[in-house]
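Residue numbers (the numbering used here), protein chains in the order written: chain A, 10 to 683; chain B, 2 to 218.
Misleading hints may appear alongside valid ones.
[To be verified] Cβ-to-Cβ under 7 Å is the rule here; a few derived chain A residues that face chain B:
1) 508
2) 509
3) 514
4) 516
5) 517
6) 521
7) 545
8) 549
9) 564
10) 567
11) 574
12) 607
13) 611
It is worth saying that the hints were derived from the structure and are not from the lab.
Heads up, the beta-carbon is just placed ideally off N, CA and C, and yes, glycines get one too.
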Amino acid sequence: MKRLSFILLFLICSYISAQNEITPELVNDLKQQIKQSESLEKLELLDSLCWITRDKPEFKYDSIVKATVNFAIELDSFNIANRQAARLIWSLTNRMGKPEEGKAYYEEFEALQLPVTDDALLARFYLNGGDSYYFSGDVEKSINVYDIASKHAIQSKDSILYGISKKYIADAYARLGNLVEASRMLQEVEELYINTKDTIRLVNTKSSRADLYSMNGFFVEAKIERDEAIALSKSAKYYSGLLSALYNAAIDNSKEGNHKERIKNLKQALQYARGSELEDQYVPQLLNKLLTSYSQVDSLDKATEILKDIQSDPDRYTKGLFEDMHVQGLAYYYLAKKDYPKALRHAKQYYESQAASNSFENTMGAHELLFNIYEAQNDNDKALYHYKEFTKANDSILSLKKTQALSYYQTLYETEKRDAKIASQESEITILDAKNKVKQQWMLFGGIGLLTIFLIIYLTRTRAFARNKQKLLERFSQNLINEQEKERKRISMELHDSVGQKLMLLTKKTKEKNDDAMESLAEGTLEELRSISRGLHPAVLNRFGFGKAVNALVDELDNNSDILFTLDMQNVDDLISKEASIHLYRIIQESLNNILKHSKAKAVSIDIERKGEQIMTKIEDNGQGFNVSDAFGKVTSLGMKTLKERAKIIRSQLYIDSIVDRGTIVNITTPINV
Amino acid sequence: MSDMKKEASIVIADDHPMLLKGLYDELTSNGYNIIGQADNGMRALELILTLKPKLALLDIEMPLLNAFEVFKMAREKRTETKFILLSYHKEKEYILQARALNIGAYLLKEDSFFTIEKCIESVLNNEEFFSPYFQDSALSNTKDELKQLSHLTASEVSILKRIALNQSSKAIADDIGVSIRTIDKHRANIINKLGLSKSTNTLTSWALLNKDIIGEL
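Could you build the full structure based on these sequences and the hints that come with them?
Shown next as structure tokens:
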């Protein structure tokens with residue numbers, strides 16, 4: 010059964026291609042067969058019926074399709090349903106001039122949301138749906154639908170469908186007066202065709218852009234696009250594109266008033282049109298346009314030549330679609346020949362047909378033509394009327410163009426301004442970011458640097474200050490000790506010179522009185538004075554030098570204690586200055602006094618000897634010792650402090666080594682000649 | 002005595018005017034022949050060299066030149082003048098210095114006029130005279146040998162006393178808490194000062210012999 014239907018289908022197709030004629034008998038045959046068949050076979054036959062009855066209202070094409078679609082949906086053949094629905098929408102909109110019906114069917118079918126899997130089918134379906142909106146005047150809605158189509162085109166990876174969708178969107182934008190968006194869409198499509206090397210579609214797109222520009226009075230831009238389209242179509246031998254481009258260029262020339270260029274383009278188009286498969290379509294138009302053009306530039310000879318050409322085959326060149334054009338050409342021709350009644354007759358005919366067809370621009374052209382004729386006839390009233398009509402129409406077109414141009418440039422300017430602003434902002438942001446980064450780094454490093462510098466300065470200053478303070482303190486205490494020494498010496502001398510002398514005299518006198526009590530009192534007083542002044546300043550040191558003074562010191566202490574003193578001393582008197590010797594003497598004195606007071610030692614030895622460039626003084630006892638750090642640590646240990654200060658004055662090193670219950674050793678190392 | 006007094010020409014020097022005047026008054030009122038007074042060392046030297054006195058009583062501490070310096074310079078000029086030092090200082094070093102320069106007379110300023118007269122007399126008789134303060138009563142009447150004990154230090158005396166009690170060096174060292182070497186050092190010093198022979202047991206024998214005297218030190 011299935012095979013049979015295939016054979017039948019094949020027969021039908023071959024019949025169609027052979028006869029190119031669908032007869033009601035054939036349709037009835039097929040309908041008959043459909044009634045007898047079922048399910049998929051029936052669907053295939055229905056599909057065929059749709060195919061052969063397409064765009065034919067006499068076979069009720071629309072109801073056939075609707076029945077087929079419903080049956081396909083029943084059989085879950087959604088792709089077939091979709092394809093046929095799309096075809097019907099296109100037919101209603103583009104063929105039968107019923108876009109409203111197309112739109113209604115689109116909406117009805119679209120609402121079903123069938124699970125169609127073929128994206129190319131869907132793209133076509135939405136393209137046709139978009140058309141139905143576009144031609145119904147719902148242009149904005151059409152853009153949305155075309156956009157859905159373009160998305161399905163992308164899904165199906167069909168660049169042609171994608172290009173078409175975008176092109177339609179561009180047309181819709183153009184119709185809405187959004188030239189910028191329209192132009193942008195067309196550019197996008199052009200890029201697509203450049204990438205897919207689709208020259209033919211590229212030429213068409215370029216022509217569309219040229220039309221868009223021309224429509225809005227941008228003839229310079231239009232010419233650029235047209236020239237490119239002409240060059241491309243020539244190289245690709247795409248004559249249909251070439252002729253269309255040349256013809257439209259001539260129309261642009263006419264609008265600009267550039268007759269020379271117009272004639273050149275028309276002649277070139279004529280040359281390509283003759284002998285081509287588009288000859289019938291283009292040659293009549295081109296000849297009639299040339300007639301008008303030559304007449305307008307008063308080239309009567311050439312106009313007459315063209316007219317002869319036209320009149321050689323009036324059926325071919327002056328009838329049907331070309332009649333209006335021919336009438337217009339004749340009007341201009343007779344005007345040029347100054348045959349005004351004939352010119353007027355043709356012009357009126359032309360005006361009436363254009364006015365009837367609501368062709369605004371052509372009506373305006375007819376007014377201009379009539380004005381020229383009446384003016385030539387000196388019929389001023391009529392001339393003025395047509396002139397006014399012409400001017401009114403022209404002004405409205407101009408103002409529309411102006412508005413559109415203004416909005417175009419405004420949009421373009423704003424877009425560019427926005428782009429430039431964004432770009433400059435971005436670059437500014439980049440620069441600012443970089444600057445900020447550098448600034449932040451500088452600030453960070455600078456901050457750390459400054460902090461480090463301050464810290465270093467602070468530490469150095471603190472250290473220097475502390476060192477200075479210590480030095481000052483040292484110098485102060487050393488000065489204090491020196492001054493103290495001087496003062497002691499002075500007091501000692503004073504005591505000797507005043508109280509001492511008088512006390513000696515007094516003692517001497519008492520001895521003459523033979524009063525023992527008074528004598529011993531006087532002697533005791535004098536003795537105390539001697540002891541005090543010796544304590545203040547050792548006279549022996551001054552008179553006999555360091556060695557003798559140490560001897561006297563040790564002798565005196567020896568006499569006043571039970572400790573065994575062992576003095577072993579080299580003569581170092583010449584190795585040490587007087588000023589220094591008092592300090593070394595004092596150190597020894599203080600050390601020995603400490604031993605006497607605190608150590609509980611049984612023996613003390615004092616060794617003073619020269620070793621190289623140094624005088625080594627060692628005072629050793631076998632007493633109970635003490636904790637050295639404690640003694641030095643105590644702030645109250647003035648004796649120890651003074652010892653250290655004195656050692657510093659004479660640039661000596663003082664070491665105290667003490668072991669508890671074993672004894673103490675004081676070592677003083679003094680450079681000679683200090 | 003009185004002749005000697007009158008014969009003896011004397012120069013006195015002291016930078017302290019009150020003492021100088023006191024001394025002058027005492028000496029002249031007692032018939033001494035004071036031919037010159039000086040209040041500084043330089044002036045004293047000048048008087049000694051020009052007046053060539055028999056005696057010069059000099060304070061040790063004086064401006065410009067001290068008594069030791071005056072003495073040395075005068076001796077360099079070969080003066081025959083005998084010197085008596087008068088001093089505030091009692092330190093042994095002064096005595097030792099005087100002895101070292103061979104000045105045999107040393108008085109303390111508070112010594113009585115009686116002592117001064119005795120000193121002058123001794124000096125004129127070419128005898129030494131030191132202030133009674135320096136005379137050890139215990140040794141005053143002993144032999145010369147024992148007189149040397151006064152040169153010992155207190156520590157040396159303490160060791161000598163132990164030796165006199167027949168303590169060995171080791172025993173002494175252990176007792177005091179020092180090395181035997183230290184004790185031996187002291188023993189050597191004592192032997193030197195007393196002028197004993199250096200043979201081994203001399204000091205021990207001598208100490209035992211003079212046990213009583215040493216015990217009184």
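Structure-based check of all given hints:
1. Proximity of residue 508 of chain A to chain B is violated relative to the hint, the smallest CB-CB distance being about 11 Å (cut-off 7 Å).
2. Checking residue 509 of chain A against chain B by beta carbon gives a least distance of about 6 Å; that is within 7 Å, so the hint holds.
3. This hint holds: residue 514 of chain A has a C-beta 6 Å from the nearest C-beta of chain B, less than the 7 Å allowed.
4. Checking residue 516 of chain A against chain B by beta carbon gives a least distance of about 4 Å; that is within 7 Å, so the hint holds.
5. A cut of 7 Å between beta carbons decides the hint on residue 517 of chain A: the least distance to chain B is about 5 Å, and the hint holds.
6. Against a cut-off of 7 Å between C-beta atoms, the interface hint on residue 521 of chain A holds, since the closest Cβ of chain B lies about 6 Å away.
7. Residue-level restraint check for residue 545 of chain A is violated (minimum Cβ-Cβ distance to chain B is 14 Å; threshold 7 Å).
8. Taken as an interface hint, residue 549 of chain A checks out: its beta carbon lies about 5 Å from the nearest beta carbon of chain B, inside 7 Å.
9. The interface hint given for residue 564 of chain A is met, as the beta carbon of that residue sits about 6 Å from the closest beta carbon of chain B, less than 7 Å.
10. A cut of 7 Å between beta carbons decides the hint on residue 567 of chain A: the least distance to chain B is about 4 Å, and the hint holds.
11. With a cut of 7 Å, the hint placing residue 574 of chain A at the interface with chain B holds, because the nearest CB-to-CB distance is about 5 Å.
12. At about 16 Å, the closest approach between the beta carbon of residue 607 of chain A and any beta carbon in chain B exceeds 7 Å, and the interface hint on this residue is violated.
13. For residue 611 of chain A, the shortest C-beta to C-beta distance to chain B is roughly 5 Å, which falls under 7 Å, so the interface hint holds.
Hint violations for this structure: numbers 1, 7, 12, all remaining hints satisfied.
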